[in-house]
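Build the full structure now, drawing on both the sequences and the hints.
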Amino acid sequence: MQYFIQVVVDGVATGAIYGALALAIVLVNRATGLINFAQGAMAVMSTFVAFGLIRAGVPLLLAAVVAIVFAFALGAFLERVVVRRFEGGDPDSAVVVTIGLLVLLGGISALFFGYEPQPFPSFFPLGTINIFGVFVSLRSVGTIVILLVAMVLLQVLFRSTKLGLAMRAVADNPRSSALSGLPVSRLLMVGWGLAAALGAIAGLLVAPQLFISPGMLDFALVYALAAAILGGLDSPVGAVVSAAFIGVVEGLAGAYIDFIGDDLKIAVPFAVMIFILVLRPQGLFGRKVVVRV
Amino acid sequence: MMNFQKTTRLSGAVAIAGIAALLISGCTRDAGGTGNGGGAGGGTEASPGITDDSLSLGISSPLSGPTAGPGSCTVAGLYTYLEAKNADGGFEFGDGKTRSVDLTYLDDAYDPAKAVSNFRQLVNEEVFAYVGALGTPTNAAIMPIADEEEVPQVLLITGATAFSEDQAANPWTYGLLPTYYDEGFAFGELLAGAGEPVTVATLAQNDDFGEDYLAGFEAAIEGSDVEVVGSATYEPSDTTLNPQVTELAATQADALLSAVSVTPLQVGVLTRAQSVGWLPRVFLPSNTSTPGTIIEPGAGGAYPALYSTSLTKTPVSPAVAEDEDVIAYNEAFKQYGSTITTTYTPHCVWSYIEGAILEEAFKGMEEPTRDSFMEALKSIQGFEAPLLLDGITVDTTRDDQPAIDGIELVQFNGTGYAPVESY
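Order-wise, the sequence lines are chains A and B. So the number in our numbering is just where the residue sits in the first sequence, counting from 1, plus 168. So the number in our numbering is just where the residue sits in the second sequence, counting from 1, plus 518.
For the record, the hints were derived by calculation from the structure and aren't laboratory data. We treat Cβ as the ideally placed atom computed from N, Cα and C, and that holds for glycine. Any given hint could be a false lead.
What the simulated footprint calls covered on chain A by chain B, stretch by stretch (three residues with Cβ under 8 Å from a Cβ of chain B suffice, anywhere in the stretch; the number is not a length) [unchecked claim]:
1) 276-287
2) 317-331
Examples of chain B residues toward chain A, derived with CB under 7 Å [what the hints assert, rightly or not]:
3) 750
4) 755
5) 782
6) 841
Restraint ranges, calculated between C-beta atoms of paired labels, are given here [said to hold, decoys possible]:
7) 613/B <-> 289/A: 50 to 60 Å
8) 835/B <-> 435/A: 38 to 48 Å
9) 223/A <-> 622/B: 25 to 35 Å
10) 280/A <-> 642/B: 27 to 37 Å
What follows is the structure, encoded as structure tokens:
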């Protein structure tokens with residue numbers, strides 16, 4: 169039993185990494201209706217800004233704040249200068265554009281900092297808490313807490329603020345929003361900026377574990393996208409719950425199903441995901457899309 | 519509201535891109551692969567790439583991508599040795615001439631297809647020999663072509679057994695480093711000789727890299743009191759090994775063979791095992807055991823013992839700062855190698871030693887031909903190359919083993935590694 173709980177707790181901790189990035193993907197999707205493949209690369213680039221500052225002697229917390237501000241600016245800038253030209257068109261071309269950004273930003277990061285993974289300091293100490301024989305590392309606790317706070321804030325932003333309402337309106341129907349007097353252009357920039365800032369937080373949280381390198385989040389991005397889609401693409405809660413679900417299912421399958429073991433466990437959450445999406449195409453927490461004819 | 523059809527199309531695009539990303543990342547970190555070839559060599563007058571006063575060498579290694587650090591060092595150490603010697607007047611050859619040796623290096627990003635095209639390009643540009651390239655899958659792809667073209671592909675920086683075990687079948691290919699099998703074997707031997715029952719857990723990368731370690735380890739413990747009580751594997755693309763470590767920790771084994779080649783993951787293993795209350799004696803592979811990048815971030819001091827293997831002195835360690843070879847290496851590297859990379863990995867020293875072995879081969883090379891070079895290269899015995907640890911020598915005359923003979927099991931002593939006394 170103890171082992172079972174440990175596997176579940178580990179799964180949640182692993183899922184938290186994917187969840188942080190999935191939240192950013194959901195945010196962009198809600199703000200602009202797009203999926204941003206460059207989300208991970210933007211997060212890594214911002215984390216590299218913190219890394220450079222720390223190397224120059226700036227304290228960790230200050231460096232993190234600067235990185236988050238940088239990320240906001242980067243997100244807003246990319247939206248305004250690059251992505252803007254593809255919004256409202258075919259979503260497929262926009263997706264390809266963000267994949268291009270993924271490659272470009274990765275290359276820029278590598279230009280300055282190289283490809284070699286480098287250690288990154290953590291906000292949390294290395295210790296563990298032992299609850300009835302189940303070990304939880306303080307880093308995981310810290311990551312999960314920050315993630316939950318971000319999730320709640322996002323939910324509040326979209327559900328209960330004017331800014332959130334306006335952003336939802338713009339994502340839903342840019343033309344009508346503009347006609348109603350909403351500053352569509354600025355709202356889109358804010359949406360991307362917020363998402364990038366959130367991505368930077370994710371990057372800062374996982375860099376101590378993954379070591380910082382331009383490709384740090386490439387693989388995590390696949391899980392994050394899976395979590396975002398499973399959760400319903402427009403639901404922050406859904407993204408986080410799905411990310412935890414993926415982490416836990418992967419862990420349990422590896423631990424308890426012998427013929428799956430460590431070799432095949434990666435496939436299990438994806439198989440489950442396909443099954444769920446067949447039954448519920450809108451995802452676990454997504455709202456069903458109804459078109460009036 | 520976005521209509522339903524759009525959502526499905528978007529999801530489809532996401533799925534395809536996701537699969538592509540999986541495939542790409544699955545390919546880039548592959549540390550395994552084998553190859554084969556056949557045929558025999560023949561000699562001519564003067565081979566391409568050699569004149570009366572110069573000789574050109576070529577190498578293709580990963581200078582970008584996840585393996586860029588080791589790949590750059592693989593070029594930098596060799597470049598350092600060659601340039602320092604050129605500046606010192608050049609290399610003396612067995613035919614009585616003195617030549618300067620130049621090195622052309624290309625980036626293959628650890629991609630076998632790119633490595634093959636680089637190899638062909640180098641051969642077209644008439645390099646005399648292809649030397650010291652890093653990577654098992656990349657070198658495996660080149661091996662049959664080197665054989666066909668009769669171009670030496672030698673002193674390769676890889677621990678895979680495939681490049682040296684059948685030298686009659688692959689006469690133009692030759693490895694430099696003792697194999698991963700040997701490393702695993704050395705650790706198994708230590709445990710088998712403990713004089714008491716020992717339980718072991720193994721954690722291995724799911725490819726040739728991990729399998730070679732396990733094979734060597736299992737061969738060494740056969741028939742002994744050592745029992746493997748738990749084993750797990752992982753993919754190099756995994757983001758965390760916590761689940762595997764949790765599973766192995768449940769065995770509370772006395773020792774852990776951690777055949778993990780990815781730096782952040784190896785650090786994660788060290789932090790994780792101690793945080794779930796498991797403190798085994800840990801064996802770390804030679805390429806993920808550096809104190810500064812693995813043990814310190816992993817708080818490895820908590821374990822009763824950390825073992826690894828070593829071939830060479832570590833020039834960045836203050837303990838050997840007064841050593842003559844180390845001083846020479848550090849001075850030369852600062853002048854030449856540092857133009858290529860400044861981050862130290864053991865590959866810098868390995869490829870520097872490779873330079874010394876080449877010099878030794880040149881001395882025995884009586885004709886300006888590739889055949890003569892291969893013959894000279896394969897006749898070195900008992901050569902104490904600079905920076906090698908005492909007792910480890912170069913012996914190229916064994917027909918199923920790579921150039922460097924011997925491996926030393928070492929133990930972490932708080933700052934660096936020292937020879938192991940006993941279990």
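So, going through the hints one by one against the coordinates:
1. 276-287: holds (count 6)
2. 317-331: Violated, because only 0 residues of the segment 317-331 of chain A bring their Cβ atoms closer than 8 Å to Cβ atoms of chain B.
3. 750: Cβ of residue 750/B sits 5 Å from chain A, so the hint holds.
4. 755: For residue 755/B, the interface hint holds, since the closest Cβ of chain A sits about 5 Å away, which is under 7 Å.
5. 782: holds, 4 Å
6. 841: It is violated, given that the least Cβ distance between residue 841/B and chain A is near 27 Å, above 7 Å.
7. 613/B <-> 289/A: 50 to 60 Å: Given range 50 to 60 Å: holds, Cβ gap about 57 Å.
8. 835/B <-> 435/A: 38 to 48 Å: holds, 44 Å
9. 223/A <-> 622/B: 25 to 35 Å: 33 Å Cβ-Cβ, so the 25 to 35 Å window holds.
10. 280/A <-> 642/B: 27 to 37 Å: holds, 34 Å
Figure legend: structure checked against the earlier numbered hints; hints not met, in rising order: 2 and 6.
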